[in-house]
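Chains as they are written, first to last, in this note's numbering: chain A, 1 to 375; chain B, 1 to 375; chain C, 1 to 375; chain D, 1 to 375.
Among the hints, a few may not be true.
Stated by the list, open to error - With a straight-line cut-off of 30 Å between C-alpha atoms, the simulated DSS-like cross-links for lysine-lysine are:
no., chain 1, residue 1, chain 2, residue 2
1, C, K374, D, K374
2, B, K374, A, K374
3, A, K120, A, K73
In case anyone wonders, no lab produced these hints; they're calculated from the structure. Just so we're clear, the structure is a prediction, and the values are computed from it rather than from any experiment.
There are 4 protein chains.
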Amino acid sequence: MTRRIRLGMVGGGNDAFIGGVHRIASRIDDRYELVAGALSSTPEKAQASGEALGLPRIYDDFKQMAIREARLKEGIEAVAIVTPNHVHYAAAREFLKRGIHVICDKPLTSTLADAKKLAKAAEQSDALFVLTHNYTGYPMVRQAREMVANGEIGKIRVVQVEYPQDWLTNHEEFKQAEWRTDPARSGAGGSTGDIGTHAHNLARFITGLEVESLAADLDAFVPGRQVDDNGHVMLRFAGGAKGMLWCSQVAPGNENALRIRVYGETGGLEWAQEDPNYLWHTPFGEPKRLITRNGAGAGDAAARLSRIPPGHPEGYLEGFANIYSEAAEAIEAKRNGKPLPPGVVYPTIEDGLRGVEFIDACVRSSARNAAWVKL
Amino acid sequence: MTRRIRLGMVGGGNDAFIGGVHRIASRIDDRYELVAGALSSTPEKAQASGEALGLPRIYDDFKQMAIREARLKEGIEAVAIVTPNHVHYAAAREFLKRGIHVICDKPLTSTLADAKKLAKAAEQSDALFVLTHNYTGYPMVRQAREMVANGEIGKIRVVQVEYPQDWLTNHEEFKQAEWRTDPARSGAGGSTGDIGTHAHNLARFITGLEVESLAADLDAFVPGRQVDDNGHVMLRFAGGAKGMLWCSQVAPGNENALRIRVYGETGGLEWAQEDPNYLWHTPFGEPKRLITRNGAGAGDAAARLSRIPPGHPEGYLEGFANIYSEAAEAIEAKRNGKPLPPGVVYPTIEDGLRGVEFIDACVRSSARNAAWVKL
Amino acid sequence: MTRRIRLGMVGGGNDAFIGGVHRIASRIDDRYELVAGALSSTPEKAQASGEALGLPRIYDDFKQMAIREARLKEGIEAVAIVTPNHVHYAAAREFLKRGIHVICDKPLTSTLADAKKLAKAAEQSDALFVLTHNYTGYPMVRQAREMVANGEIGKIRVVQVEYPQDWLTNHEEFKQAEWRTDPARSGAGGSTGDIGTHAHNLARFITGLEVESLAADLDAFVPGRQVDDNGHVMLRFAGGAKGMLWCSQVAPGNENALRIRVYGETGGLEWAQEDPNYLWHTPFGEPKRLITRNGAGAGDAAARLSRIPPGHPEGYLEGFANIYSEAAEAIEAKRNGKPLPPGVVYPTIEDGLRGVEFIDACVRSSARNAAWVKL
Amino acid sequence: MTRRIRLGMVGGGNDAFIGGVHRIASRIDDRYELVAGALSSTPEKAQASGEALGLPRIYDDFKQMAIREARLKEGIEAVAIVTPNHVHYAAAREFLKRGIHVICDKPLTSTLADAKKLAKAAEQSDALFVLTHNYTGYPMVRQAREMVANGEIGKIRVVQVEYPQDWLTNHEEFKQAEWRTDPARSGAGGSTGDIGTHAHNLARFITGLEVESLAADLDAFVPGRQVDDNGHVMLRFAGGAKGMLWCSQVAPGNENALRIRVYGETGGLEWAQEDPNYLWHTPFGEPKRLITRNGAGAGDAAARLSRIPPGHPEGYLEGFANIYSEAAEAIEAKRNGKPLPPGVVYPTIEDGLRGVEFIDACVRSSARNAAWVKL
């Protein structure tokens, strides 16, 4: 039994959504122990939220936490940053410079300038930086990535990726919506930043291809909205593949309908986040095949991140937990001075920078009548 | 019992595909009688194909047929033109100018110039012109159109339409592929012309919106191919709606996966050609609803074109037959000097012209690095 | 071009449902010509219905039609019998004894005694007897049958077949319901006779196995209903396979949800009538495979009965037409003194007799507290 | 922050499957702390397994654990029993008689005699008894139950429930299969005991109806197998509803395909375990409705057990965790002398007894040629 990793948390107070998800994700495989937190933006709320969770050490703010934990003999080894986007940079920097590993929510930052500075800070730190592009933790996403890498669909020609939602169809006044539609806190991208980055990252993760240029037509359909709530994007990948990316928060009937289809010279793959235990593989000229998590035809990459037999669905929280467990593998390897075990993969600062570049490019393109721009 | 409409056919000889489809479609509702044909491009083949079908009157070519049938007392009242695209214009013109109704396969013509001339010819003729954009004949497509018109999803914001196939994934040498990948016969658009036009037409038909401008990134992924086999298109509709259109012939696992999703201010609709008896309706804030052909929630527009009870699927041929039967309604109304009965709708020369404009715009845009072009 | 088969029809007048289906089915492949009819149970209605269809020869009743047509030089070669069940026997007998081929709706008769007499009459006649168990005409049902015969799923262990509907959930007073719930006209079985026989026949057709004994628990859930509207049946097949059959007319949400699953020692098959262009094949220990009509992995038996490429769905009417076209193959072979072409299969009087035995056994079993009875 | 419940575990050692599931389930909502275990049937393995988990207190066997923990001031408050079935009774008894709450895997026991004795032991104990019929923890199962209770589908007529798997299609020699096919350890039922009980329990849970009598045709298709691997069961419920239950371990292509359909006088419901975030509701005469977890149309019963927004799937582990959290609610209420909070429901000893009666009735019926037997 390896000792659990001592974890702190910034953000994720009482009325936040994603903080609770991170906490469950960190618990599922029992490799973390949450021991400290600065859970809210005011000392009072931070205190109340910390007490509600029974946290051993509660701080007024992230800076205080970083300073004090770094001095403790048994201080936190890693911190989860789950605040609104505009806080990511300042918070992450404090921990990185003190050698505390950072597990940070996406997008990396609210501006490209911050993203670049943070990338530099991460480079200069000995600590790890893990970005929770959680959908890369789904076993069948790993399966897809492995199949592409193994050449099972041949050279890629076309990538269709989309992430429609409907929760912002109307003008809503609840907290989750509030900061996500405020450019000062979420960044210049609305749907592009919140979910388009997930789609972009998923496409990169599965195909191993980088977007070289894009043309984006962004809209804010709801009157008064300051950031895009719908994004239509055409993609050109290095190496010649082409793609389309659609993200929307105003598509009634869609909950979190992230879906990707990849077509190569000899076959296709299709995966949908809402039914994540399935992967369609369509080798050209053969019957369609439905591969299931841990079922026949699923390979090592998926099996590594799978807990239970096929037909017993694993979901969003398990996928999220896989990011935490991959991070634990990396943290423990580092702790023990060992190399990263084979197969361990997690989204890095580099992926975060690419994501913010994607948002920036979408906004730039759209401002120029959806002209093609380079990333 | 109304007398059957005497029908001729141009094209559709022994080794053609779509001719047989037209013949079945014309038979299903028993409103046509095929009595004459010029079924192939050489007199020998035309003769042999006509005999194989037991046609009463067989002609060497369409011009001969048009001239002679026009003189007969009981000559054909309508002609189905099912040749490769580049023949449509010349053939249709001959019949139109002799007052014989034309039922013509899509796209209208292989060039925009031809399309405009044919539109003029149709305008000057007393005969009807029906374009077999057959997917508009599916009952649940009519249902979708009716629901949009009735305001059931509110003002439209987003239209996602796609038509992927995989049959041209490799370089193939069979007849269907041959003329469709030859710009001299199919026109400048490959996938855009053959299937992109269907997608474009379907979007127009259901939403009632016209595409004002588009940006198209077209590719010919198969080496040596002279026309596009994949098209990525961003759409801007009059009135402010935005859309994406994807057509592909190189997407392994896709057969005829035409699919459309329409999102308005209060709800969404989704229909897929391969499962055509279903229509998803997703009113915002209510459970998703699956409407079935002739089932609960389906309205008059779908019922008009439905033959059998819900749960007994009607398919492609019945949808195609609906175009023929709508045409029969129009022809009979004309024959009897009566107005078109309420509810009767079929694709016209105008739709054909729009389709060729769409192809032309895609090709123009792509040639200019996918810049926005007006239609 | 082979001369069309001259066809007559008994039943199928103005307000009937299934007659129209038979007429379309006979037209789709252009191998029949409907030239005579006795379409209703009263001379007046028969006359009116015949005129509405523009029939050349209209008769007051089936006996008159059989007598006169048999004497004509160009009289009908085949007759479609599409009346309520209790008329099948008397009508079919008249044509069989005059050497006119019979295409008869199912179930064969309303009583087992009639079925046995009709089987004898068919045996003594030189004419063919074709029963329209239309679901056996679906290409993917043929595909399933071929795969079982080829041993692709190994020795069969388990057969799950069901046919739920919901149209008789309440007490309804429309014509289709009326005779189907009247034991004098439909026979002793309600749901068992109307749809249970389809399920039973489909299981036999695909697996090649005969039901040896069964235990049936039948219910009439709607107060006052005289025949069963729900049947639960356990099946024991010759050779040791076991099965369950469920038929229901009171299962809200089910339209014509005929579905069969067959499991052998090395794989499984699954087919659903409402999505008939797909067949799941699940070889044990391999990914699930989805075979599509005319798509990769589909074999000769399905291709024989397929008109159009994969992804363009064929439906109920095409499946029904396949029965008519198989019958046409048999009739023409007979006409020309040739053997039945290889691959041609259609439901026979023997299948009809098995079906009525099934209904009879269900009713007998249920009357004895669902005891096991032999067929 | 409420203090975590101190939990022990019996069974669930290194090479067991279900023990790991219980441990994750107990962690997800952070209401338990695993502090003691007797994880295997030999002291050596128990020690090794306990050390691998880093358990504070490791015991050689469950009796030792029960005795010592009961004496500790901070001893376990609850124990999870996750051994093979034949050990449940003896183990549970030891804890119940010392007032330690029992969370026990299903089926309750391997014999009906044991089940009755255990029911008596539970009755005489002050401790709670929770049976992990985990599928009742899925939010959409709660939704279905709530809808039935609210009369949304009317009086129930028909229940179709099934649980097919394929993992025992061949004779397998791995550990999970070994004890499950040994009547001495699993009990007289094979598939009926392992998964048929889940189906039976799910039907009871959702409908609120009890099975009064059944007729079961059980088979052991794999040569040499000593317990059934396929069960066909007809059900008669108190109050007149009828049902069918199918369980199988030899149905290739089925992983854990538990599925239930319930039909009442005014509507239907359908739920499938492999896609657990969806519930079909089919009110008669209205379009089908797809209700999603936490989505529109989902009610309080589902929301109580839901952690994340719609479209982010929760799976098997979250459903299992819900049983643990319901148990935690009950344990904490007991701890604080408070009544069970409204809405809290978990499977009890009574459900366990019903399950073993179901297995016993299936075996009895099958031995008598599938005669009807009372439960």
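Status of each hint after checking the structure:
{"no.": "1", "hint": "K374/C - K374/D", "verdict": "24 Å, holds"}
{"no.": "2", "hint": "K374/B - K374/A", "verdict": "24 Å, holds"}
{"no.": "3", "hint": "K120/A - K73/A", "verdict": "28 Å, holds"}
Of the numbered hints listed earlier, not one is contradicted by the structure.
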